[in-house]
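Novice: Assemble the dimeric complex from its two separately framed chains, guided by the hints.
Okay, here's what each chain looks like letter by letter:
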Amino acid sequence: QQPVQSPQAVILREGEDAVINCSSSKALYSVHWYRQKHGEAPVFLMILLKGGEQKGHDKISASFNEKKQQSSLYLTASQLSYSGTYFCGTDTPPGAQKLVFGQGTRLTINP
Amino acid sequence: DAGVIQSPRHEVTEMGQEVTLRCKPISGHDYLFWYRQTMMRGLELLIYFNNNVPIDDSGMPEDRFSAKMPNASFSTLKIQPSEPRDSAVYFCASSLSGAQPQHFGDGTRLSIL
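Just so you know, the protein sequences line up as chains A and Z, in that order.
With my numbering, the residue at position 20 of the first sequence is 20, and numbering never jumps.
Counting the second sequence from 1 gives a position; my numbering is that position plus 1000.
Next up, chain Z with everything else stripped away, as it sits in the complex (with noise of 0.2 angstroms):
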């Protein structure tokens, strides 16, 4: 089986960039959430759906970043505009529930030069 896809691998661009990445998460799973990872914060949630409805999104830091699902199978992350503290690595997984476990993508590693 498939696990869960995300694109780009790596993302580098200038400070301003509109930036967006995608994940495609399991089939049959319900639950998507957005991870970000840096050394200093740590793994964090920054929003998390449910049957492609947006459930949580107060992890989200500013309104510069936006999370969208058209459908049970894609999603998509968009910072605009991006700034140099937005680099990170950003992890899509999905899960059947809540409670179950998380199958996490490999990750999309940002630099914001």
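Only chain A is shown next, with the shape it has when bound in the complex (with noise of 0.2 angstroms):
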């Protein structure tokens, strides 16, 4: 099943915050959070197991809710570099060694 992100894009100016959840039907073991800019391939960015950690890089961060079989990618004081396409991956059935990826929020950062 794949993982339902909100929302499906946002636009902000330079130095705004940012969230973007992803949600599953299903039960979670891990998330993971990927970005992509335009005309490249996606990028790592982290991985939430359950427990409900949260976890930062940089200005940005996550946190995973294993019963509400959510997580959420939170940008703070938004760089232009922040811009791009983020995706969040689950592990589904839990413990599967794949990923099903959400249909992506694009994230637009102005100056």
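None of these hints come from the bench; they were simulated from the model.
Some clues are possibly wrong.
Quick list of the computed label-pair ranges, beta carbon to beta carbon [what the hints assert, rightly or not]:
1) Z/1066 to A/14: 40 to 48 angstroms
2) A/39 to Z/1061: 32 to 40 angstroms
3) Z/1013 to A/61: 39 to 47 angstroms
4) A/19 to Z/1012: 20 to 28 angstroms
5) A/19 to Z/1066: 35 to 43 angstroms
6) Z/1113 to A/39: 19 to 27 angstroms
7) Z/1040 to A/81: 25 to 33 angstroms
8) A/25 to Z/1101: 20 to 28 angstroms
9) A/27 to Z/1041: 18 to 26 angstroms
10) A/61 to Z/1017: 45 to 53 angstroms
11) Z/1055 to A/47: 13 to 21 angstroms
12) A/2 to Z/1066: 40 to 48 angstroms
13) Z/1015 to A/61: 21 to 29 angstroms
Just so you have them, the derived chain Z footprint on chain A, three or more residues with Cβ under 8 angstroms [said to hold, decoys possible]:
14) 43-51
15) 96-109
On a predicted model such as this, the values are computed, not experimentally measured, just so you know.
Glycine residues also receive a C-beta, built at the ideal position from the N, C-alpha and C atoms.
Specialist: Here is the structure:
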């Protein structure tokens, strides 16, 4: 089952914050986050494992709520370089050695 | 370290022709994944290998698609015969394990006329 991301697109001004959500109808073991810039390959950001942990990566952090079967990606004080499409990938079924990616959230950061 | 290497970067061919996409994973990575990306369907997993063995090919759309991994450093995705609806960007990715970060190649942009 493909996870559902929201919003589908968001436009911000440099310095603003954004939250991208990823929800699954199935139980999750882990959630992966990737960013893809136009015309390039997806690039790994972070993995969150079940346990509700929150991880950080510069000014990008994420949380994983196992009970709610969802993860959120937080981008604070956004920079122009944050523009791109963000994908969450979930292991379905839990513990599977493969990912199912959401449809992506397109983030545009304007000066 | 060299990343995942895919070839060709671009391929334009006519309907009915055979297309072969190639991938060299990162050395030491036991998992190799083939994805297809389109605007309509997003990023879809086609097939993945563990230690050169195909584990799950449930994403392969039709019998026209086939994939092989003859050794740890090389994999191919073949489409025969190709159709216009196969036009997409095809990515190869590798990882140490299924739960580890996947490293993507630059992709092959395929256009079937």
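Novice: Now tell me, hint by hint, if it's right for this structure.
Specialist: Verification of the supplied hints:
The hinted window of 40 to 48 angstroms between residue 1066 of chain Z and residue 14 of chain A holds, with their beta carbons roughly 47 angstroms apart. Taking the beta carbon of each, residue 39 of chain A and residue 1061 of chain Z are about 24 angstroms apart, not inside 32 to 40 angstroms as hinted. Checked against the hint of 39 to 47 angstroms, the pair residue 1013 of chain Z and residue 61 of chain A passes, with Cβ atoms roughly 44 angstroms apart. One distance hint, 20 to 28 angstroms for the beta-carbon pair residue 19 of chain A and residue 1012 of chain Z, is violated here, with the actual separation near 40 angstroms.
Under the hint 35 to 43 angstroms, the C-beta atoms of residue 19 of chain A and residue 1066 of chain Z, about 42 angstroms apart, fit the expected range. Between residue 1113 of chain Z and residue 39 of chain A the Cβ separation comes to about 21 angstroms, which falls inside the hinted range of 19 to 27 angstroms. For the pair residue 1040 of chain Z and residue 81 of chain A, the supplied restraint of 25 to 33 angstroms holds, since their beta-carbon distance comes to about 28 angstroms. Here the CB-CB span from residue 25 of chain A to residue 1101 of chain Z is close to 25 angstroms, well matched to the stated 20 to 28 angstroms.
In this structure the hint that residue 27 of chain A and residue 1041 of chain Z lie 18 to 26 angstroms apart at CB holds, the actual value being about 25 angstroms. Range check, residue 61 of chain A to residue 1017 of chain Z: Cβ separation about 47 angstroms, and the 45 to 53 angstroms hint holds. One distance hint, 13 to 21 angstroms for the beta-carbon pair residue 1055 of chain Z and residue 47 of chain A, holds here, with the actual separation near 20 angstroms. The hinted range of 40 to 48 angstroms is not satisfied by residue 2 of chain A and residue 1066 of chain Z, whose Cβ atoms lie roughly 25 angstroms apart.
Between residue 1015 of chain Z and residue 61 of chain A the beta carbon distance is about 47 angstroms. The supplied range of 21 to 29 angstroms is therefore violated. With a cut-off of 8 angstroms between beta carbons, the region 43-51 of chain A has 3 residues touching chain Z; three or more are needed, and the interface restraint holds. Look at the region 96-109 of chain A against chain Z: 9 of its residues bring a Cβ nearer than 8 angstroms to a Cβ of that chain, three or more, so the hint holds.
Checked against the numbered hints listed earlier, the structure breaks hints 2, 4, 12, 13; every other hint is satisfied.
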